[in-house]
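So the sequences go chain by chain: A and B. Okay, so the first sequence: first residue is 12 according to my numbering, each after it adds one. Okay, so the second sequence: first residue is 166 according to my numbering, each after it adds one.
Since the hints were derived computationally from the structure, they do not count as laboratory data. Predicted model only: the values in this text are computed from it and were never measured. Hints are supplied without guarantee of correctness; some may be wrong.
Below 25 Å or equal to it, Euclidean Cα-Cα: the simulated SDA-like pairs (lysine to any residue) are [said to hold, decoys possible]:
1. B:K353 / A:V154
2. B:K395 / B:D222
3. A:K70 / B:T363
4. B:K279 / A:Q116
5. A:K546 / B:E423
6. A:K64 / B:K358
7. A:K64 / B:R368
8. A:K64 / B:K353
9. B:K358 / A:K70
10. B:K366 / A:Q116
11. B:K421 / A:N619
Residue-level listing of the chains:
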Amino acid sequence: MCVTLPISKTYNYTAIKNRQMAQQLRPSKPADKQSKIDWSRRQEAENFAETVKLFRQGKIDPDMFRRFRLQHGAYGTRMTDDYAMVRIKVPAGQVYPNQLEKIAQLSEMYSIGSAHFSTRENIQLHWVILEDVSEIMQSLADVGMTSREACGNTVRNVMCSPMSGVCKDEIFDATPYAMAIARFMLRNPICQGLPRKFKFNFTCCEKHGMIRIVDVGLLPQIQEIDGEKRKGFKIFLGGGLGNRSFVGHQLEDFTPVEDLLYTSMAVIRIFDRMGDRKNLSRNRMRYLVNDLGWEKFQNLVLKERAVVKATQSVIVKLNIDESVNEIQRPISVNDESASVPDGYARWEKTNVEKQSQSGFNSVFIGLEAGDITANQLRSVAEIIRDYSAEGFARNGFSQNIVIRYVHDDDLKSMYSRLIENGLAKTGSLTMASAVGCSGTTSCNLALTNSHRLAKEVQRKFLELNYDDDDDLKDSTIKISGCPNSCGQHQIATIGFYGGGGRHGTDMFPNYTMSLGGKFDEDAMLGHHTARVPVKRIIPVILKIIELFKENKQSDDTLAKWIDRVVSGNESSKITGVDDIKKAIAPLIVPPNVEDEPDFYMDYGSDTNYHTVTGKGECAA
Amino acid sequence: MCCMIDSDIPIINSKLLREKIQENSIRIVDVRREQEYQQGHITNSVNLPLAKLLADDSSESIQKIAQDLGISDETPVVIYDDTFGALSSRVVWALQYIGHKDVKLLDVTFSQWKDLGYEISTEVPEIETATHSVKINPEIMATAEYLEKVKENKNVVIIDNRERLNYLEQHIPGAINIPYRTLASDGKILRTKEGMKTLLKNRGISEDAEIITYCGSVGTLSGLAYYALKSIGVPNVKLYVHSFKEWKSLEKPIDKQENANYWDLSAE
Chain A
12 MCVTLPISKT YNYTAIKNRQ MAQQLRPSKP ADKQSKIDWS RRQEAENFAE
62 TVKLFRQGKI DPDMFRRFRL QHGAYGTRMT DDYAMVRIKV PAGQVYPNQL
112 EKIAQLSEMY SIGSAHFSTR ENIQLHWVIL EDVSEIMQSL ADVGMTSREA
162 CGNTVRNVMC SPMSGVCKDE IFDATPYAMA IARFMLRNPI CQGLPRKFKF
212 NFTCCEKHGM IRIVDVGLLP QIQEIDGEKR KGFKIFLGGG LGNRSFVGHQ
262 LEDFTPVEDL LYTSMAVIRI FDRMGDRKNL SRNRMRYLVN DLGWEKFQNL
312 VLKERAVVKA TQSVIVKLNI DESVNEIQRP ISVNDESASV PDGYARWEKT
362 NVEKQSQSGF NSVFIGLEAG DITANQLRSV AEIIRDYSAE GFARNGFSQN
412 IVIRYVHDDD LKSMYSRLIE NGLAKTGSLT MASAVGCSGT TSCNLALTNS
462 HRLAKEVQRK FLELNYDDDD DLKDSTIKIS GCPNSCGQHQ IATIGFYGGG
512 GRHGTDMFPN YTMSLGGKFD EDAMLGHHTA RVPVKRIIPV ILKIIELFKE
562 NKQSDDTLAK WIDRVVSGNE SSKITGVDDI KKAIAPLIVP PNVEDEPDFY
612 MDYGSDTNYH TVTGKGECAA
Chain B
166 MCCMIDSDIP IINSKLLREK IQENSIRIVD VRREQEYQQG HITNSVNLPL
216 AKLLADDSSE SIQKIAQDLG ISDETPVVIY DDTFGALSSR VVWALQYIGH
266 KDVKLLDVTF SQWKDLGYEI STEVPEIETA THSVKINPEI MATAEYLEKV
316 KENKNVVIID NRERLNYLEQ HIPGAINIPY RTLASDGKIL RTKEGMKTLL
366 KNRGISEDAE IITYCGSVGT LSGLAYYALK SIGVPNVKLY VHSFKEWKSL
416 EKPIDKQENA NYWDLSAE
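Pulled out of the complex, with its shape left as it was, chain A reads as follows:
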C-alpha cells in the first residue's frame, strides 16, 4: 500500500527539508533487512592482528605471510609494504543497507574516505594500514561480512548476475545456488591451496552474464527428464581473461542441480591435482584445459565426478535456501503531481531496466570507475530502504550498484534523491560507463593510470550526450592498466591495456587497443588493432565513432559494425581493421616533447612518465 505525503514541487533545499519532515512524520520503516548468512568468523581478525605483529618482528617468513594475508583478503599496495587493500566479498553481489553504512564508516576510519566497487562484485578499501586490517575484519563481522578468500589461490567471490531473480529472460533464479556454492567453498579445506585463484560466475540469461570468461560459468536451464521438469545448468569450464585469454567450453548438454556440487568439486579436485604450481604466468585452470585439450579435460571431469559422487558422504551437500524474499514496497513519500525533474527521461532510458515482475524496475547506479564516497554509500543505504521492495541491493558487473524492485510510481522521486546525492549519472547501461581497473592509483602491477582514464572517457561521453545515442548503447569500453585483465578489456567493444611507449628517449603511457570483444553467448576476444598514446585515446575513440557514423547501415549499432569490420564482413569504405588503423594513424604520432609536454604525462600526473612496477600478487 502506498501512503502519499505531499512534498514540494521544486527539487531544492525545501524539498530536502520537506522530505526530512515527511520522514519524521511517516510511520516507522519496516525493520531493516539483514543478511541471512553470516560470512564472518571473528577469531580470524584476532589471528590476523597477531600474525601481522609476528611478521613485523621478523618471526614469519615473508612469503608465508603474504599467502596468509591474501587468504584473508588483504592485497598488497603499490610500492609499499605499509598498506593493504582490503577486498570485501559480496557473494552473489547481494549487499544490505547496514553493510553499506558499515563500509562507509570503515572507509573514513581506515581508508581514503571512498570505497571501490570492483568488476567481480567485491567492495574494496584501498590504502589501509596493514596493522588496521584486523580492525576492519572485526567491524565487518558486526554486519556478517568477510574478506576471507577474496584474494590468493582460493575460490574467489562467487558472482551472480545482478538481474538474477528479476530478468525477463531467465529460466529460474540462480541466486540461491550461487549463495550455496559460496557457502560450501568458503573456508573449505578442498580449496585452501589451489594452484591459482578460481572463479565461479552464475548468470540469469545469455545476455546479462559473464559465464564464458571464468573457470566455472553457470547458466540456469530446465529440462524435462522422464516427464518431469528438472532444474539444472549449462556449465562452462576453463574460460578466463588474462595475458592469454580463453573462452569457456560447455561441459555437457545439461547438468541437473543435484550434480552441481559434485561437478564443482570434481573440477576443483582436478585443478588442484593437475594444475601447474610452478609456472606462475600460466597456472590458471584455462591453461590446463588448453594443454590437455578440451576433450581430455572434459572426460577427466566426468570421471572425477563419478568418483566424487560415489565417495562423498550423504551429508556433504549444498545448503540451498530457496525461500522467497519478502517483497514489500516501502511506504512512499512520492508525490505523483510533482514536476518531472530535469534530465529524468535520459536517466530512465539509460539506467533503468524493466523487471519480469510487472510494475517493478531495476535501477543501475553508475559510479565513475567504481568509486563512491562514504557519504554516498550512506545515501545509497537510505535510498535502498526507501525505494527497494526487496530491501537490499546487488553489485553489478561494471563497477556499479543495482537497486531492484523499485516501483514505477517511485522512479521520479528516487531520481531526485539520487541527484541530491550525486548518484544520478546517466548512461549506466550504455557505452558511457567505461570500466577501469585501479591502475597506478594502488596496484603494484599497473603501468598506467587506467582508473583515471576510464573516468575521463566517461566524462567526455556524457559531455557529448553519447549515453543517449542508441547506436552506441550495446557497446562497451573497458580499460586495464597492464596486460592482465582486471579491467576485462578483452571483452570490450573497444578495449585498452596499458604499457609504456618511447619516442626517442622520452617515454609516454601507451595503450594497446583491441576492437570487437564480446561476452555472453557470442563471447569473443577483441582484436589487437593499434597502440594508442594515452592522451590520444579519447580522440581515437571519437574517430572510430565518426567512421562508424559515416559508414553505418540504417539499423546498425557500433558493436555490430565493429564486429563486421574485425571479421572482414564489412562492405563499406572501411573493410577491415587495417582501414581503421589507417584512419587513426595521423592521430597517434608522438609529438616532440617540447611541442606538447602534456603528451608525455599520464592522467593525474604532472611529471614525465616512466614505468614503475612492483611484484604482482595474483600468483602468490
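Given the structure of chain A, go ahead and fit chain B onto it with the hints provided.
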C-alpha cells in the same frame, strides 16, 4: 551533596551531565559559533566560539577567557561542540595548558544531545567572573623546533591525524597516520578505552612512548587525538598546536608516498 564530577572518568557521559546541569558548580562550555549558540544550546552552557580562543592563544588570553566564563582553578568544566569533539578538544587542551585540572569532553555532539531529546535552551546564563591562575603545563605542548629536535628519538611517536589522502600526499617525516575518524566509535565521539588500547597495540605504539599529535593547521583534529590518548591514561602526550601548516611555512622537511596516483581513487 558534592557535585564534583569524578575526575578519573575522562569523558563525561551525557546522562550524567543532565543530572549536573542544574547545579551551578560546573561550567558547561559550548564552543560552536555564537549564532549557533544563540539558536539553542545545552541548558546552562556558556559560549566560547573556538575562533575567539584561536585569535590569541597566549596564556594570558586563555586565562582571561576562563575568568570571563566564570572558570576558577577549581571549577569542573565540560566542553561540547557539534564537530565530533575536535573543537572542544582544542579548548580542553588550552585550559589544561594554563594548568586547569578538571576539564572534560561531553561524550556526544550537540546534535546527538538534541536527538536524544535532552534539555536545550536559548537562555544565556549569567556569568560571575572568577579568578584563574596560570601554571603553564609545558609537557603537553610541542613546537616545530621541539618536534624537529626529538623526532628521531626512539621513544617518540609522531601521529598525523589528517585524512589518509592528505597524509599520503605530504607529512612530517617519520609520522604515522591515524585519521581523526578512527578515534570515534558508533554514536560516541571517542572509542572505548579498550578499543583505543587495541588500536595502539595493533600499531605497535607503546603507551610509555612520548606521543606528539598534529593535524592540518590549528590542532583541532589532533587535539581530539591528544584528548583520546590522555583519556586512556597515556602519560606523555603533546599537541603540536600549529601543526602542518606552520611546519610547511617553516620549510621543514616533508615526506610523501611516491609513485602512486591515489587521489584518482577518490570519488570526490
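Original post:
Taking 25 Å as the top limit, are the C-alpha atoms of K353 of chain B and V154 of chain A close enough?
Top reply: It holds: about 19 Å lies between the C-alpha atoms, which stays within 25 Å.
Original post:
Are the Cα positions of K421 of chain B and N619 of chain A separated by 25 Å at most?
Top reply: With a Cα-Cα distance of about 18 Å, the restraint between K421 of chain B and N619 of chain A holds, given a limit of 25 Å.
Subject >> 25 Å Cα cutoff - pair K279 of chain B, Q116 of chain A >> reply: Holds, because 22 Å separates the two Cα atoms, which is no more than 25 Å.
Original post:
Holds or violated: K64 of chain A with K353 of chain B, Cα cutoff 25 Å?
Top reply: At roughly 29 Å apart (the allowed maximum being 25 Å), K353 of chain B and K64 of chain A break the hint.
**OP:** Would you check the hint for K70 of chain A and T363 of chain B, treating anything up to 25 Å between C-alpha atoms as holding?
**Re:** 21 Å, holds
Original post:
Is K546 of chain A within 25 Å of E423 of chain B, Cα to Cα?
Top reply: Satisfied, since the Cα-Cα distance of roughly 23 Å is no more than 25 Å.
Subject >> Proposed proximity, R368 of chain B with K64 of chain A (alpha carbon, max 25 Å) >> reply: 9 Å, holds
Original post:
Keeping to a limit of 25 Å between CA atoms, is the pair of K395 of chain B and D222 of chain B held or broken?
Top reply: The given pair, whose Cα atoms are some 21 Å apart, holds under the 25 Å limit.
**OP:** Mind checking the alpha carbons of K366 of chain B and Q116 of chain A for me, to see if they're no more than 25 Å apart?
**Re:** Status holds; Cα separation ~21 Å.
Original post:
Taking only the CA atoms, is the gap from K64 of chain A to K358 of chain B under or equal to 25 Å?
Top reply: Judged against 25 Å, a Cα distance of about 21 Å means the pair holds.
Subject >> Pair hint K358 of chain B and K70 of chain A, alpha-carbon separation not exceeding 25 Å >> reply: 29 Å, violated
Violated hints for the displayed structure, listed by number in ascending order: 8, 9.
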